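With the hints as extra help, turn the sequences into a complete structure.
Chains as they are written, first to last, in the numbering used here: chain A, 1 to 441; chain B, 1 to 312.
Note that these hints are calculated values from the structure, not bench results.
Bear in mind the structure is a predicted one, so any value in this text is a computation, not a measurement.
Ideal Cβ placement from N, Cα and C applies to all residues, glycine included.
There's no promise every hint is true.
If you want a taste of the chain A side facing chain B, the calculated C-beta under 10 angstroms gives, among others [stated by the list, open to error]:
| no. | residue |
| --- | --- |
| 1 | K79 |
| 2 | K81 |
| 3 | T83 |
| 4 | R85 |
| 5 | A94 |
| 6 | T108 |
| 7 | M142 |
| 8 | A143 |
| 9 | I158 |
| 10 | L173 |
| 11 | T182 |
| 12 | T187 |
| 13 | L215 |
| 14 | D218 |
| 15 | Q221 |
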Amino acid sequence: MRKEVEQGRPDGKDTWPEERLRGFQFRKIKRVLGHAYQELPFYRRRFDAAHLHPDSVKSFHDLARVPTFTKKEVLDEMKKKGTFRTGMETFNSADQAVLCMTSGTLGTSFLYLPKRWRSLRGDSLARAYWWGGLRAGMHMLMAAPAWHSLAVQESRVIERLGATCVIPWGTFLPRFAENFLTTLVDTRPDFVSMFLPMLYALLAECRRRRMEARLAFDSVQYLLIVGAPMTPRSREQLKEELGVRDIFEGLGNPEGLTAMECSFHRGHHIFADCCYVEIVDPKTGALLPAGKRGNVVITSLIPYGTLYLRYDSEDLGEILPHACECGRTWPLMEVYDRRTNTVEVAGKEIVPYDVRLCLDDFPELIGVPFAVVRGEKSAPYLKLLIQRPATGDPYGLGARLRALLRQRLQIDAREEWTEELPERWKGVAVIEEKDWGTPRV
Amino acid sequence: MRPFKQLLRYALGSPLLKKKFGGLATDIAGFKDFSVKIPLTTLEELVAEKMSSGDPYASRLCENGAALVTLQLEYDTETRLYIALSRQDLKRYAEALRRCWSLLGLGKGDGVAIFDYGTSPVSYLASSAFTPYLSQGAADALGCLPICNDGVANMSQRAVEILKFMRPQALFIRSDCLEPFSIESERQLGRLSGYTRALVVTENEGCLPKAEQDAYEKRLGLPVYRLLRIDAGMFLAMECPECRLFHSWKDLYYVESVTRAGDDVDEGGQNYLAITNWFARVCPAVRYLSQVKGSVYSAGCRRGPADIRIAA
Ligand SMILES: [Zn+2]
Ligand SMILES: [Zn+2]
Chain A
1 MRKEVEQGRP DGKDTWPEER LRGFQFRKIK RVLGHAYQEL PFYRRRFDAA HLHPDSVKSF
61 HDLARVPTFT KKEVLDEMKK KGTFRTGMET FNSADQAVLC MTSGTLGTSF LYLPKRWRSL
121 RGDSLARAYW WGGLRAGMHM LMAAPAWHSL AVQESRVIER LGATCVIPWG TFLPRFAENF
181 LTTLVDTRPD FVSMFLPMLY ALLAECRRRR MEARLAFDSV QYLLIVGAPM TPRSREQLKE
241 ELGVRDIFEG LGNPEGLTAM ECSFHRGHHI FADCCYVEIV DPKTGALLPA GKRGNVVITS
301 LIPYGTLYLR YDSEDLGEIL PHACECGRTW PLMEVYDRRT NTVEVAGKEI VPYDVRLCLD
361 DFPELIGVPF AVVRGEKSAP YLKLLIQRPA TGDPYGLGAR LRALLRQRLQ IDAREEWTEE
421 LPERWKGVAV IEEKDWGTPR V
Chain B
1 MRPFKQLLRY ALGSPLLKKK FGGLATDIAG FKDFSVKIPL TTLEELVAEK MSSGDPYASR
61 LCENGAALVT LQLEYDTETR LYIALSRQDL KRYAEALRRC WSLLGLGKGD GVAIFDYGTS
121 PVSYLASSAF TPYLSQGAAD ALGCLPICND GVANMSQRAV EILKFMRPQA LFIRSDCLEP
181 FSIESERQLG RLSGYTRALV VTENEGCLPK AEQDAYEKRL GLPVYRLLRI DAGMFLAMEC
241 PECRLFHSWK DLYYVESVTR AGDDVDEGGQ NYLAITNWFA RVCPAVRYLS QVKGSVYSAG
301 CRRGPADIRI AA
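Here's what the structure looks like:
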């Protein structure tokens, strides 16, 4: 019986002393570098162009000489070749494998994921679900968008931890919220893994049914949320509203990043067994120290399938300078937004998350939709559009909010209260000023 | 008859089926006897049972079954229905999909694109990577490379990108995505046959009408086949490129063509398909009456001489 309870318990790698961990990671980095140079033409070409041989990489610092690349370069390569096979992947037609995709504003890129990739990445991810409270015998609700690499990993996690699962019909778009909610109520899962926008769609569906969210989530002990950053206060409020024991936020991308909160919620521990994260200055490409914001650059440590090596995800993030109270040595990081969502105000780079943190200081404004209005060039003050809260005097609130923004972010702000943010902008926290002049729904 | 004895023995572990025919004699003398003695189960019955009992499985779940994966089914009914599957159920169900793919001629090294939800059996049985506890999906067994695009019609643009950059041998597509996809592919790809060899249209308990199928073949310039899903019965059948009837398999299913009242009809008549599933142990399907009009033909196609053949 005891053995069953322990199924899937992670090993002690996450508490290794820093030196041991760095040694372990560096060996893995050397392995993927050698692999990329020998087997993957996409990288061989880039290494050669930079006059770099993997053997000359002798420290983490040297790794920074490996050129970074962005999604656009992957898409260009695909278009040039006319195939998903860009030379970033070890393709073997004898492999059991699947193709997954990453979609975005620029276009769709493909990941070739063989069984061995799934085992390594999935087993690594199992630790995140374990931290999140998933155990053998528990019943988990999962969405099944098989196009996304998370599904490929999650299916492995469930097997590894010995959970059972339920899958609602459809996909994780708000219009399937009805199916998700019905599944929740009908099959009473203990653990739910979900994209944050879908969770909000579920809450809206609860309101539509005049059903208390607590009742719908009655069986749920833990929630694992990915897809958008949640502020500490909005997490607390959601926890209260749903009556769950805890809500964990995971970070990740198909290209290689896995990072996850522990129960202390002090940031996201980077999963050092499968990825290496650097933060670089978007203008100079220089490495930035902990505590400084920059572009998140990912190196996957898994030498199977499609490999992303020093991939500039164009996300804005930082390695946090503090250690976690939990005692784990895996560094903490935060991702704030897409780089393209930064707004320059009085010479400072601001992301909507910074504003959200301030809004959430006011109980009336927790979770209230807002948007940052961005002009063509750097503005002397921050322009905000906030949905008028159901209660309270927005003008008094505005003055207090402005004071807080000045204190925290050292910027001036002007806010405008609106009845409801146009549908098109819901969840889109940056609005271009030229669009705001002529709002369209 | 041993198969019936075995089937009924575990099916009686299901409270609903026990209630329906637990008191009946289980000494079934043959297929005819089976059809006479064992009552049909309808979708309406499952819905009513779920509503009255509150049990998500409509009291179909066998107590002794090792349910690992539960799936909400795609039925537009008053209440939602579910099936649960064990490792063994998943394995056999995926074997049915493997045979569908085989019949189409898919094999080692072929790319297979799926324009359907991850929750459709056409998707989740395709790869062990998509579904927990599925040891071998159709692609794993045949050495194919699958990709799933999700099933939302406005993902047609992405489906086109899949065709462009993967050039799969076949594209399995939900029938409600077929028209938007056709428009998008005409706009962007021109002749589809340069990008894939065949389309396979699927829907749950439904079939693209023959006339529409022909029209799409002409319009798109490549073969359009159909795959028949009856999800409550965990049933799959594939339209054969040779005889153009649906093939299914005797070791996995027993297929009858019956009237709504349950009477047997002659070969060639237009009635409804009733499915008895030989492998589903967790949520047994015994004489599940589908909404698919069809009739059972005699075996004898070159592509599968012993296969069950269905016209639908
Ligand atoms: Zn921690
Ligand atoms: Zn045939």
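Going down the list of hints, with the structure as the test:
no., hint, result
1, K79, "9 angstroms, holds"
2, K81, "9 angstroms, holds"
3, T83, "6 angstroms, holds"
4, R85, "9 angstroms, holds"
5, A94, "7 angstroms, holds"
6, T108, "5 angstroms, holds"
7, M142, "8 angstroms, holds"
8, A143, "8 angstroms, holds"
9, I158, "4 angstroms, holds"
10, L173, "7 angstroms, holds"
11, T182, "5 angstroms, holds"
12, T187, "5 angstroms, holds"
13, L215, "15 angstroms, violated"
14, D218, "14 angstroms, violated"
15, Q221, "18 angstroms, violated"
Hint compliance for this structure: hints 13, 14 and 15 are not met, and every other hint is.
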